[in-house]
Amino acid sequence: MNTVILWIFVPLGASIVLLIFNWHTNITRWTAAILALALAAAAALTTFGGLVQIGGRAYELTSSLSILGRQLMLDNSDRILLVLIYSLGAFWFLGTPAAGTHRLFTPLGLAIIALLVASLAVQPFLYAALLVEISVLMSIPMLAPPGKPAGQGVMRYLIFQTLGMPCILLGGWALGAIETNPANENLLIAASLLLALGVAFWLAVFPFYTWVPLLAGESHPYVAGFLFTLLPTVVFSLLLSFLDGYAFIRNSTFLFQGLQLAGTIMVATAGIWSAFQRDLTRLFGYTAILETGFALLALSLRSETGLEYYAGAFFPRLIGLGLWALALSVLGSHGLSLKFEEEKQAFQRLPIASTACAVAIFSSGGLPLLAGFPIRQPLLAELGSKSIPMAIWALVGCAGLMFGGFRYLNALFRHEPKTVHIEENRYQIVLLVTGVALLVVAGVFPRPFISWMVNILQGYANLF
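Residue numbering for the sequence shown follows the working numbering, beginning at 714 and increasing consecutively.
Please keep in mind that the hints were generated in silico from the structure rather than gathered at the bench. Just to be clear, a hint being listed does not mean it is correct.
So the derived label-pair ranges between C-beta atoms look like this [stated by the list, open to error]:
id, residue 1, residue 2, range
1, Q836, E773, 15 to 23 Å
2, I1101, P1081, 17 to 25 Å
3, I1101, K861, 43 to 51 Å
4, F961, W736, 50 to 58 Å
Every residue gets a Cβ at the ideal spot worked out from N, C-alpha and C, and that includes glycine.
With the hints as extra help, turn the sequences into a complete structure.
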């Protein structure tokens, strides 16, 4: 038995089968969700490289596989990351019956997860760029299903993500040359700049984030939310691998100053634009930008505390964006406009989905007693101790997002609601209420969630 086969090729093969036999949409959705849950549980409970007892017989679980001269490796240090990624997949697949996504979403989503896991496992790492690009190409039919033209946001998404691939490939070539000539400073600078530029394209770092609100406005919000959480999770893991594996990148003061500047600009501009949005989908896109900006700010602290803030933000970000995407999908599926000026009927017909949207907005903005606050408040305090202007601009971003949330509440209750009719079905109600409850519980009792998420850093022994 081999970890690469079990956690990469099994879900990839399952996605092909589900794609071929996908006329039973609900069966496809539940099969993918159960498989993702099983893989996450297996990664949590199994020791890679040890013996596995099945049917009274012991099998060795090897952790590497050679394909065409290239090595794929998933060892014990990758277990927590596998749990995170496949749990993330199960989280999104379980919501598909309530969100009403296209039938292609589940099989393609499972294939994308498997390919992105392969990008983390492949050695040398420059082949990760090819696997990420294949994943991006596979996401296009989810964003623009057959019969629906690809909009401007989808095209920009494809262009910017594709531009990241040659940067990573050239950066990987430069890193290979550095191993034979480590004293060449020009190669060091070129490798650092190319890798930074490639990661910036992939993460939609300023000024390459114009596609994010456009994509959120054009595509199904649930599909957009899936990509807004999955792609940054994998790309940030690759970034941490670069920092962990190469001392000259890890010791570069210029790199961390760039992370701090880019993160501050992203948080500030996303928050300011959020304050003036009149469309919930575009507000959703700017919130995804703000979340990425805060992750960059946490890493820019260059300390164990910053890493804890970075890892601890995974749970509130996943639940917040997932809850918001589901609520937008429910509102849209009932024929309601997502423009602020037409939201007055939303609370009368879909009170739970409308409330879930508001809670998700305020959690991302860092409102006390919600999941975002225990991460935002100490992160802003730590930023203030290093650079007061940076902290002020980050605070402006949070305030802008919450101002957008108050404008949404004003649109909901501008007119006194008449009789309230709950039109959400039972499954939608269960998921929405659970999401709101998780954001509240994680805001009141944050320590267990943060402590568990910090475990994803175990595979990076050399960081700071």
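Against the structure, the hints come out as follows:
{"no.": "1", "hint": "Q836 with E773: 15 to 23 Å", "in the structure": "holds, 21 Å"}
{"no.": "2", "hint": "I1101 with P1081: 17 to 25 Å", "in the structure": "holds, 22 Å"}
{"no.": "3", "hint": "I1101 with K861: 43 to 51 Å", "in the structure": "holds, 48 Å"}
{"no.": "4", "hint": "F961 with W736: 50 to 58 Å", "in the structure": "holds, 53 Å"}
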